[in-house]
Amino acid sequence: SQKIEQNSEALNIQEGKTATLTCNYTNYSPAYLQWYRQDPGRGPVFLLLIRENEKEKRKERLKVTFDTTLKQSLFHITASQPADSATYLCALDIYGQNFVFGPGTRLSVLP
Amino acid sequence: DGGITQSPKYLFRKEGQNVTLSCEQNLNHDAMYWYRQDPGQGLRLIYYSQIVNDFQKGDIAEGYSVSREKKESFPLTVTSAQKNPTAFYLCASSPVGQISGGYTFGSGTRLTVV
Chain A
64 SQKIEQNSEA
74 LNIQEGKTAT
84 LTCNYTNYSP
94 AYLQWYRQDP
104 GRGPVFLLLI
114 RENEKEKRKE
124 RLKVTFDTTL
134 KQSLFHITAS
144 QPADSATYLC
154 ALDIYGQNFV
164 FGPGTRLSVL
174 P
Chain B
44 DGGITQSPKY
54 LFRKEGQNVT
64 LSCEQNLNHD
74 AMYWYRQDPG
84 QGLRLIYYSQ
94 IVNDFQKGDI
104 AEGYSVSREK
114 KESFPLTVTS
124 AQKNPTAFYL
134 CASSPVGQIS
144 GGYTFGSGTR
154 LTVV
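Read top to bottom, the protein sequences are chains A and B. To convert a position in the first sequence, counted from 1, into the numbering used here, add 63. To convert a position in the second sequence, counted from 1, into the numbering used here, add 43.
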């Protein structure tokens, strides 16, 4: 069956460290993968999109990798800050028509 | 400011009652989506529409209905046939064929059955 997993439900790290979140999928062949940030009680906010032919994408302190052989994407936040605390969702495209979302990882950056 | 507006923010439904959640966007996006979010689960797609007067069922359409009479509006009705409607409902929009900017989401409606 098709499945999207994100490494853990919650991740705690110390301020200033690099946070690494994982998105693994099975039985999908996405051409695109997106990452979103969601704060409690709010809708997700789009952060980055990476295409299947791109190995890495960067935006400020964010870096995303996409390995279609491993069926995995890694999402890194460098020099993390308490303001980065949120839930992060990955999403895969389905035939370019819509996206299916993972369950999310709740990141807490401790001061 | 362009954006997507969901109302109400909180909604309470009695057993056997139909309720309608509003979603309006002024981004000129062709595609609109409804997702349901439950604790510990990812967003699950209820319905989506890529053009006015046309919409498609998502993974969990049973007990829900939608309409798309205007490009800007995509209301969702939660019918009495939906046995477990308590959840956080999210509406989103995007341009068709241009996904580089991702989806734009509204701020959600929290529906509770009382």
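Be aware that a few hints might be false.
Stated by the list, open to error - Dumping the calculated DSS-like pairs for lysine-lysine here, alpha-carbon to alpha-carbon at most 30 Å:
hint	chain 1	residue 1	chain 2	residue 2
1	A	K80	A	K120
2	A	K118	A	K134
3	A	K66	B	K100
4	B	K57	B	K126
5	A	K66	B	K126
6	A	K120	A	K66
7	A	K66	A	K134
8	B	K126	A	K134
9	B	K100	B	K57
It should be emphasised that the hints constitute simulated quantities derived from the structure, not laboratory data.
Outcome of the hint check:
1. At most 30 Å may separate the alpha-carbon atoms for a hinted pair to count; A/K80 and A/K120 meet this at roughly 20 Å.
2. At most 30 Å may separate the alpha-carbon atoms for a hinted pair to count; A/K118 and A/K134 meet this at roughly 12 Å.
3. Distance restraint check for A/K66 and B/K100: the Cα-Cα separation of roughly 20 Å lies within the 30 Å cut-off, and the hinted pair is therefore satisfied.
4. Under the criterion of a C-alpha separation no larger than 30 Å, the hint pairing B/K57 with B/K126 is consistent with the structure, at around 12 Å.
5. For a cut-off of 30 Å, the pair hint linking A/K66 to B/K126 stands: about 25 Å separates their Cα positions.
6. Pair hint A/K120 plus A/K66 holds up; C-alpha atoms about 24 Å apart against a cutoff of 30 Å.
7. Between A/K66 and A/K134 the alpha-carbon distance is near 11 Å, which keeps this suggested pair within the 30 Å criterion.
8. A threshold of 30 Å between alpha carbons decides the hint, and for B/K126 with A/K134 the separation of about 35 Å lies outside it, so the pair is violated.
9. Between the alpha carbons of B/K100 and B/K57 the distance comes to roughly 25 Å, so the proposed pair stays at or under 30 Å and holds.
Checked against the numbered hints given earlier, this structure breaks only hint 8.
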